[in-house]
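Visitor: Given the coordinates of chain A, assemble chain B onto it according to the supplied hints.
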Amino acid sequence: GAGVSQSPSNKVTEKGKDVELRCDPISGHTALYWYRQRLGQGLEFLIYFQGNSAPDKSGLPSDRFSAERTGESVSTLTIQRTQQEDSAVYLCASSSTDRGANSPLHFGNGTRLTVT
Amino acid sequence: AQKVTQAQTEISVVEKEDVTLDCVYETRDTTYYLFWYKQPPSGELVFLIRRNSFDEQNEISGRYSWNFQKSTSSFNFTITASQVVDSAVYFCALSEGMTSYDKVIFGPGTSLSVIP
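Heads up: the protein sequence lines correspond to chains A and B, in order.
Quick note on numbering: the first sequence equals residues 51 to 166 in the numbering used here.
Quick note on numbering: the second sequence equals residues 666 to 781 in the numbering used here.
These are calculated hints, taken from the structure and not from any lab test.
Bear in mind that the values here come from a model prediction, so they are computed numbers and not experimental data.
Cβ atoms here follow ideal geometry from the backbone N, Cα and C, with glycine treated the same way.
Wrong hints could be hidden among the right ones.
[As the list claims (entries may be wrong)] Output of the computed footprint for chain A on chain B, the stretches with three or more beta carbons under 8 Å from beta carbons of chain A:
id : region
1  : 704-711
2  : 769-779
[As the list claims (entries may be wrong)] Selected chain A positions facing chain B (Cβ under 7 Å, derived; list incomplete):
id : residue
3  : Phe95
4  : Asp106
5  : Pro154
[As the list claims (entries may be wrong)] Computed footprint of chain B on chain A; a stretch qualifies when at least three of its residues, placed anywhere within it, have a C-beta under 8 Å from a C-beta of chain B:
id : region
6  : 82-91
7  : 155-164
Only chain A is shown next, with the shape it has when bound in the complex (with noise of 0.2 Å):
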């Protein structure tokens, strides 16, 4: 079956400019995660939308980034006015909410944003 898709793969962009990163969680998961992973780091969680309830944004590291979800699908990250510091693999997440299920978290496969 599907996995979840980001696009764009890679993104180059130049300083200043705004940037939007796409995420298609698994068809039925209500939870879905954005994290950024700079080179060489681990996982910095960004935000966390689970359902109907109200994002967990506590990981944004900045107003210039937010996110949105449409009802329990697509998701979208924004990056306003990029800077160097925001070159990372943004990777989004999404998991099952099925008590029943093993409940993992299912990762795309990012989209490496470079700002030069």
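Guide: For chain B alone, coordinates are given in the frame of chain A:
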């Protein structure tokens, strides 16, 4: 606040040696979930195991085993008879709350190199 510590940044072992990756976590909740994920050089994150806070049974899966000890807040991962294909970054992760699909926080990762 939840926190995951992986004190070992990098480990190198010779093929066929056993290796243990340490994970120490902090949480105020009595109900929580712990995970291990593997990130091979290809970059895709692969789920390995999930364990809830009520289940302290150690688990063995092939060459992998996990030792969960609530008394020391540790969830260590051992690879027996390591192989070159085990070379990857390994992440320990923690999710607080009643479900395993709540906000998931990752440790910084341990980079394992298995030398032939």
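Visitor: Hint Asp106 (chain A) vs chain B: min CB-CB distance below 7 Å?
Guide: holds, 5 Å
Visitor: How about the region 769-779 of chain B: do at least three of its residues have a C-beta closer than 8 Å to a C-beta of chain A?
Guide: With 6 residues in contact (Cβ-Cβ under 8 Å with chain A), the coverage given for the region 769-779 of chain B holds.
Visitor: Tell me if chain B covers the region 155-164 of chain A under the three-residue, 8 Å CB rule, please?
Guide: holds (count 5)
Visitor: Does the region 82-91 of chain A contain three or more residues whose Cβ lies closer than 8 Å to a Cβ of chain B?
Guide: holds (count 3)
Visitor: With a cut-off of 8 Å between beta carbons, are at least three residues of the region 704-711 of chain B near chain A?
Guide: holds (count 3)
Visitor: Could you check if Pro154 (chain A) really has its C-beta closer than 7 Å to a C-beta on chain B?
Guide: holds, 4 Å
Visitor: Given Phe95 (chain A) was flagged as interface, is its beta-carbon under 7 Å from a beta-carbon of chain B?
Guide: With a closest approach of 6 Å, the Phe95 (chain A) hint holds.
Checked against the numbered hints given earlier, the structure satisfies every one of them.
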